[in-house]
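In order, the protein sequence lines correspond to chains W and V.
Sequence positions in the first sequence follow the numbering used here and run 1 to 109.
Sequence positions in the second sequence follow the numbering used here and run 1 to 109.
Hints in this document: simulated from the structure, not taken from any laboratory.
As the structure is a prediction and not an experimental result, all values here were calculated from the model.
Among the clues, some could well be false.
[Stated by the list, open to error] Below are the BS3-like pairs computed for lysine-lysine, each with C-alpha atoms no more than 25 Å apart in a straight line:
1. W:Lys83 with W:Lys104
2. V:Lys39 with V:Lys72
3. V:Lys71 with W:Lys71
4. V:Lys104 with W:Lys83
5. W:Lys84 with V:Lys72
6. V:Lys39 with V:Lys71
7. W:Lys105 with W:Lys81
8. W:Lys83 with V:Lys105
9. V:Lys105 with W:Lys104
10. V:Lys104 with V:Lys88
11. W:Lys104 with V:Lys83
12. V:Lys105 with W:Lys81
13. W:Lys105 with V:Lys84
14. W:Lys88 with V:Lys71
15. V:Lys105 with W:Lys105
16. W:Lys105 with V:Lys71
17. V:Lys84 with W:Lys71
18. W:Lys39 with W:Lys88
19. V:Lys81 with W:Lys104
20. V:Lys83 with V:Lys72
21. V:Lys81 with W:Lys88
22. V:Lys61 with V:Lys71
23. V:Lys39 with W:Lys105
Number of protein chains: 2
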Amino acid sequence: MITNIQNTPYYAVIFTSILDQPDPEYFRMNDRLREQAEKLEGFLGEDSVRNDYGISISYWKDLDSIELWRKKTEHQWAIEKGKKDFYKEYKIRIARVEREYEFKKPIPN
Amino acid sequence: MITNIQNTPYYAVIFTSILDQPDPEYFRMNDRLREQAEKLEGFLGEDSVRNDYGISISYWKDLDSIELWRKKTEHQWAIEKGKKDFYKEYKIRIARVEREYEFKKPIPN
Chain W
1 MITNIQNTPY YAVIFTSILD QPDPEYFRMN DRLREQAEKL EGFLGEDSVR
51 NDYGISISYW KDLDSIELWR KKTEHQWAIE KGKKDFYKEY KIRIARVERE
101 YEFKKPIPN
Chain V
1 MITNIQNTPY YAVIFTSILD QPDPEYFRMN DRLREQAEKL EGFLGEDSVR
51 NDYGISISYW KDLDSIELWR KKTEHQWAIE KGKKDFYKEY KIRIARVERE
101 YEFKKPIPN
């Protein structure tokens, strides 16, 4: 459920957002964008949680993959649509993941 | 509400976790850790959302600040306690934030 990559370095697009109001169309658009991202070669995974606000992190092989995602999918349209209809506020951070650690609880006998 | 920094580069500690079960003690521990982090000079902010799972991202001036946080607070104890009592699974990613963009909807007249 949590994206496992291990092979550092890679890139993360950290998207933090506050919605104007929950809108079923927004969630449909997000699902579609996710499907399109999954088809791109440099896409490594996504972790996404929404409560009072949302944090979605997509992981990418390199900056070129992110650029391709931006240009070759509905992404640009979604940003314009989102600004107009869905978001009160958002922030995008592009980050280079340098280290990754994990913990998994052993399954009890 | 969304952490605003702008002054790239800086560092992000991306903590993704699945709880065994929600435990009030866990949330108290988290509040305490947050208070301790806020007192450190290199701490820049935190964005945190929990639903089925949790994503907490803390932002730091540099890697030395993260190291100080790790060593000088209850952080180490919290990790051990968390592994024993709270988490089913977690992942920590250390990332260098290289770019930051934002959108804020204009307030209507």
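Here is how each hint holds up against the structure:
no.: 1; hint: W:Lys83 with W:Lys104; verdict: 38 Å, violated
no.: 2; hint: V:Lys39 with V:Lys72; verdict: 11 Å, holds
no.: 3; hint: V:Lys71 with W:Lys71; verdict: 43 Å, violated
no.: 4; hint: V:Lys104 with W:Lys83; verdict: 8 Å, holds
no.: 5; hint: W:Lys84 with V:Lys72; verdict: 45 Å, violated
no.: 6; hint: V:Lys39 with V:Lys71; verdict: 14 Å, holds
no.: 7; hint: W:Lys105 with W:Lys81; verdict: 42 Å, violated
no.: 8; hint: W:Lys83 with V:Lys105; verdict: 7 Å, holds
no.: 9; hint: V:Lys105 with W:Lys104; verdict: 41 Å, violated
no.: 10; hint: V:Lys104 with V:Lys88; verdict: 36 Å, violated
no.: 11; hint: W:Lys104 with V:Lys83; verdict: 8 Å, holds
no.: 12; hint: V:Lys105 with W:Lys81; verdict: 12 Å, holds
no.: 13; hint: W:Lys105 with V:Lys84; verdict: 8 Å, holds
no.: 14; hint: W:Lys88 with V:Lys71; verdict: 38 Å, violated
no.: 15; hint: V:Lys105 with W:Lys105; verdict: 43 Å, violated
no.: 16; hint: W:Lys105 with V:Lys71; verdict: 24 Å, holds
no.: 17; hint: V:Lys84 with W:Lys71; verdict: 45 Å, violated
no.: 18; hint: W:Lys39 with W:Lys88; verdict: 29 Å, violated
no.: 19; hint: V:Lys81 with W:Lys104; verdict: 14 Å, holds
no.: 20; hint: V:Lys83 with V:Lys72; verdict: 19 Å, holds
no.: 21; hint: V:Lys81 with W:Lys88; verdict: 38 Å, violated
no.: 22; hint: V:Lys61 with V:Lys71; verdict: 16 Å, holds
no.: 23; hint: V:Lys39 with W:Lys105; verdict: 31 Å, violated
When the structure is compared with the earlier hints, violations turn up for hints 1, 3, 5, 7, 9, 10, 14, 15, 17, 18, 21, 23 and for no others.
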